[in-house]
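Since the structure of chain Y is already known, use the hints to place chain B on it.
Chains as they are written, first to last, in the numbering used here: chain Y, 364 to 770; chain B, 364 to 770.
What the hints contain is simulated information worked out from the structure, not anything from laboratory work. One thing to keep in mind: the hints can contain errors.
Since the list gives no way to pick out one identical chain from another, each pair is judged satisfied if it fits inside one copy or across any two copies.
Restricting the straight-line Cα-Cα distance to at most 20 Å, the calculated cross-link-like pairs of lysine to any residue (SDA-like) are [as the list claims (entries may be wrong)]: (1) 647 - 587; (2) 465 - 365; (3) 651 - 620; (4) 674 - 758; (5) 464 - 650; (6) 492 - 450; (7) 721 - 589; (8) 699 - 420; (9) 691 - 394.
No experiment lies behind these values; they were computed from the predicted model shown.
Number of protein chains: 2
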Amino acid sequence: MNNILIAQSGGPTAAINAALAGILSGALGSEEAGEIFGGVNGIQGILEENIISLTERFGDDRDALRRLYFTPDMYLKSCRYKLKKPDEDDSDYARLTEIFKKYNIGMFFYIGGNDSMDTVARIKAYTEKQGLDIKVIGVPKTIDNDLVEIDHSPGFGSAVKYVATSVREIMMDTGLYPSENVTVVEIMGRDSGWLTAAAVLAPPENFPSEPIICLPEVPFDKDRFIDRVNEEVQKCGFAVVAVSEGLRDDSGNYIAEASAGVDRFGHPQLGGAATALASMLREKSEYKIRTVELGMAQRSAGHISSETDLKESFTLGENAFKYASEGKSGIMATLKRTGDEPYTVEYGFADVTEVANKVKDVPKDWMDEDNFTVTVEMVQYLKPLIQGETEIDYKEGLPDYLYDRHN
Amino acid sequence: MNNILIAQSGGPTAAINAALAGILSGALGSEEAGEIFGGVNGIQGILEENIISLTERFGDDRDALRRLYFTPDMYLKSCRYKLKKPDEDDSDYARLTEIFKKYNIGMFFYIGGNDSMDTVARIKAYTEKQGLDIKVIGVPKTIDNDLVEIDHSPGFGSAVKYVATSVREIMMDTGLYPSENVTVVEIMGRDSGWLTAAAVLAPPENFPSEPIICLPEVPFDKDRFIDRVNEEVQKCGFAVVAVSEGLRDDSGNYIAEASAGVDRFGHPQLGGAATALASMLREKSEYKIRTVELGMAQRSAGHISSETDLKESFTLGENAFKYASEGKSGIMATLKRTGDEPYTVEYGFADVTEVANKVKDVPKDWMDEDNFTVTVEMVQYLKPLIQGETEIDYKEGLPDYLYDRHN
Numbered sequence: 364m365n366n367i368l369i370a371q372s373g374g375p376t377a378a379i380n381a382a383l384a385g386i387l388s389g390a391l392g393s394e395e396a397g398e399i400f401g402g403v404n405g406i407q408g409i410l411e412e413n414i415i416s417l418t419e420r421f422g423d424d425r426d427a428l429r430r431l432y433f434t435p436d437m438y439l440k441s442c443r444y445k446l447k448k449p450d451e452d453d454s455d456y457a458r459l460t461e462i463f464k465k466y467n468i469g470m471f472f473y474i475g476g477n478d479s480m481d482t483v484a485r486i487k488a489y490t491e492k493q494g495l496d497i498k499v500i501g502v503p504k505t506i507d508n509d510l511v512e513i514d515h516s517p518g519f520g521s522a523v524k525y526v527a528t529s530v531r532e533i534m535m536d537t538g539l540y541p542s543e544n545v546t547v548v549e550i551m552g553r554d555s556g557w558l559t560a561a562a563v564l565a566p567p568e569n570f571p572s573e574p575i576i577c578l579p580e581v582p583f584d585k586d587r588f589i590d591r592v593n594e595e596v597q598k599c600g601f602a603v604v605a606v607s608e609g610l611r612d613d614s615g616n617y618i619a620e621a622s623a624g625v626d627r628f629g630h631p632q633l634g635g636a637a638t639a640l641a642s643m644l645r646e647k648s649e650y651k652i653r654t655v656e657l658g659m660a661q662r663s664a665g666h667i668s669s670e671t672d673l674k675e676s677f678t679l680g681e682n683a684f685k686y687a688s689e690g691k692s693g694i695m696a697t698l699k700r701t702g703d704e705p706y707t708v709e710y711g712f713a714d715v716t717e718v719a720n721k722v723k724d725v726p727k728d729w730m731d732e733d734n735f736t737v738t739v740e741m742v743q744y745l746k747p748l749i750q751g752e753t754e755i756d757y758k759e760g761l762p763d764y765l766y767d768r769h770n
Numbered sequence: 364m365n366n367i368l369i370a371q372s373g374g375p376t377a378a379i380n381a382a383l384a385g386i387l388s389g390a391l392g393s394e395e396a397g398e399i400f401g402g403v404n405g406i407q408g409i410l411e412e413n414i415i416s417l418t419e420r421f422g423d424d425r426d427a428l429r430r431l432y433f434t435p436d437m438y439l440k441s442c443r444y445k446l447k448k449p450d451e452d453d454s455d456y457a458r459l460t461e462i463f464k465k466y467n468i469g470m471f472f473y474i475g476g477n478d479s480m481d482t483v484a485r486i487k488a489y490t491e492k493q494g495l496d497i498k499v500i501g502v503p504k505t506i507d508n509d510l511v512e513i514d515h516s517p518g519f520g521s522a523v524k525y526v527a528t529s530v531r532e533i534m535m536d537t538g539l540y541p542s543e544n545v546t547v548v549e550i551m552g553r554d555s556g557w558l559t560a561a562a563v564l565a566p567p568e569n570f571p572s573e574p575i576i577c578l579p580e581v582p583f584d585k586d587r588f589i590d591r592v593n594e595e596v597q598k599c600g601f602a603v604v605a606v607s608e609g610l611r612d613d614s615g616n617y618i619a620e621a622s623a624g625v626d627r628f629g630h631p632q633l634g635g636a637a638t639a640l641a642s643m644l645r646e647k648s649e650y651k652i653r654t655v656e657l658g659m660a661q662r663s664a665g666h667i668s669s670e671t672d673l674k675e676s677f678t679l680g681e682n683a684f685k686y687a688s689e690g691k692s693g694i695m696a697t698l699k700r701t702g703d704e705p706y707t708v709e710y711g712f713a714d715v716t717e718v719a720n721k722v723k724d725v726p727k728d729w730m731d732e733d734n735f736t737v738t739v740e741m742v743q744y745l746k747p748l749i750q751g752e753t754e755i756d757y758k759e760g761l762p763d764y765l766y767d768r769h770n
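Next up, chain Y with everything else stripped away, as it sits in the complex (with noise of 0.2 Å):
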């Protein structure tokens, strides 16, 4: 039982590829290694047998293997599948102990979030009561930056490169007209507010405005955004707003559904965060009120990743390959800041039950409820995550990722 089996799961980072790199860099020609399996489409994919082989893909591609490092998005593919409680139902696990006896496999590794580590914690119980010798690891990512037990998510400062600089390329556009206007920009995160804190960032030197940031752990109250929106514009002309696609009123209701109405038909509307805010504005005021929607973009902007992030999702694959060697099993690859100035981490690993289905809220203070805006400690914590830009391969002027049809 020494072959090794690797999958993705949950949602795309621009880092989730550069950990499956470290992964294959690791295990790649390594005497504890057999053949390297990759199981497409997650978890799902696997009990389907979707099965791929990355010692024959990669094994003498070491080009492909450097172009898989920046690539975003997951070249494993992905799924959004729970197994069930094994005393319930173990018919999933089942199927699972038999591919892996099948495919001789030693080494399980799951690159994803939350969810997945509760899955790497369940398979790792179930095939240890059944004897089965498998190292069961998981390898950790998420834009939304709510993994406990690490410093930060691997995913989140790529994520924070790219809408800190869309919001300043936002906010200067914003900016250029004698007339008030006003952007809203509504950003990825419908539970905690890291990502939308990245708008801090975005105002470039001298600039004379900051970003209002409405995050969802935040009651949003309609008239104190709106008097502060008022402010902004008195003051600047203009004002950019960031706020979380999970912005929630004082009840726990998002505000995004309780602005959308019906259309013409009496069809229900679906509106963003943005849209919603961006009505309210429009109500009270007549400043030219524009919307933006990053959406998805922003857990995909491989083209403007951070050195800083796909490095440690790198060596945190690394890593995961050489605790599984090292015989460990159960246990997130992790990292934890041991400083700001100059910024170092010490990679170790957490045991994944820790993990599993638990989330890192932003610290209450860290955010300034009173001024639409977060603290210079949430600054300290944001700004070593983006620093340096990844070097990528361009074709014809569009970045060269590694895509692969898988069947």
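Structure of chain B alone, referenced to chain Y:
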């Protein structure tokens, strides 16, 4: 009368400051040029005597000039001000003449689109009639690519590069899941489909799916659209739609407006074209539907600007100064394409009255209406415009754009 006045107008692009840098690069230190002034907020700012010295700012700071080149948005800010016809009301012209005399202006450069070229034509005619010796020159820009007398508008190539890159990343993201899903991306260009057509460049090598492109020139047919989406989802399991914000039905009504209804309080909702198409698809299918509205990010994305675009824009600025020095007036600096492979251009100029208020449409035979796409001629046209990546400065992980407060 040998001082120079420069201003910018209309919407920003990633290349408009490169044109300003080009004029400055030609003029600074030239014997033909006295002091160089900038009008802040276009013609509106000039009328209000909002004028700064660019000689003071850039004369001894070539590094600032270098950063100006890659900075998106507009260093001199913008306006949307239309001069009245002089035979109806010549007060603005009289005021301009006063300013020109006061600042001893011998050359006036206006960087902008169709409307700005109309302004150039009118100022030229008026000052000539007054017997003032002022060379009035237009320098082109617009991401809409609708200027005539030029092969393509500066700023367009960078917008194409950004849109094609973003749609590439979004397509790879959309294709990750085993469940059927569709992403609708809204692209700028209210009246013409040049920029929406950029989506055709998006699929990476080996990719199984093509974007479904909805141009504003092609009357929207809901049933045919839904059939096309179903066809793509059946083929690949997913689909990506690139829709122009200006999509219209066969009566010329905007699809976005037609679908916008009222919210629960009876207030009119303002949805975009992407939201409208998403609603249609939700009614008719079980697909998971997502929308992306890149908005202003498309015209300000300096972090992924086209080197070809910025170089051309710079050269057009340099040429504009050269033509003025040679005594030309009432012209716009232009370029025409002389070859596709290799791509070559020839620089020149056009009578600005031939450009003002005219619009370059997408040729009918470059659109493939039946297949919701564009033809190989369009691909051949677009490709050279996105070649090369502009080297920009980064500071603390973000693009180090030049920003000055002008007041």
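Now the hints, each set against the structure:
no., hint, result
1, 647 - 587, "within (13 Å within a copy, 40 Å between copies)"
2, 465 - 365, "within (12 Å within a copy, 84 Å between copies)"
3, 651 - 620, "between (23 Å within a copy, 17 Å between copies)"
4, 674 - 758, "between (23 Å within a copy, 19 Å between copies)"
5, 464 - 650, "neither (65 Å within a copy, 36 Å between copies)"
6, 492 - 450, "within (12 Å within a copy, 92 Å between copies)"
7, 721 - 589, "neither (35 Å within a copy, 41 Å between copies)"
8, 699 - 420, "neither (33 Å within a copy, 45 Å between copies)"
9, 691 - 394, "within (17 Å within a copy, 75 Å between copies)"
Comparing the model with each numbered hint stated earlier shows that hints 5, 7 and 8 do not hold.
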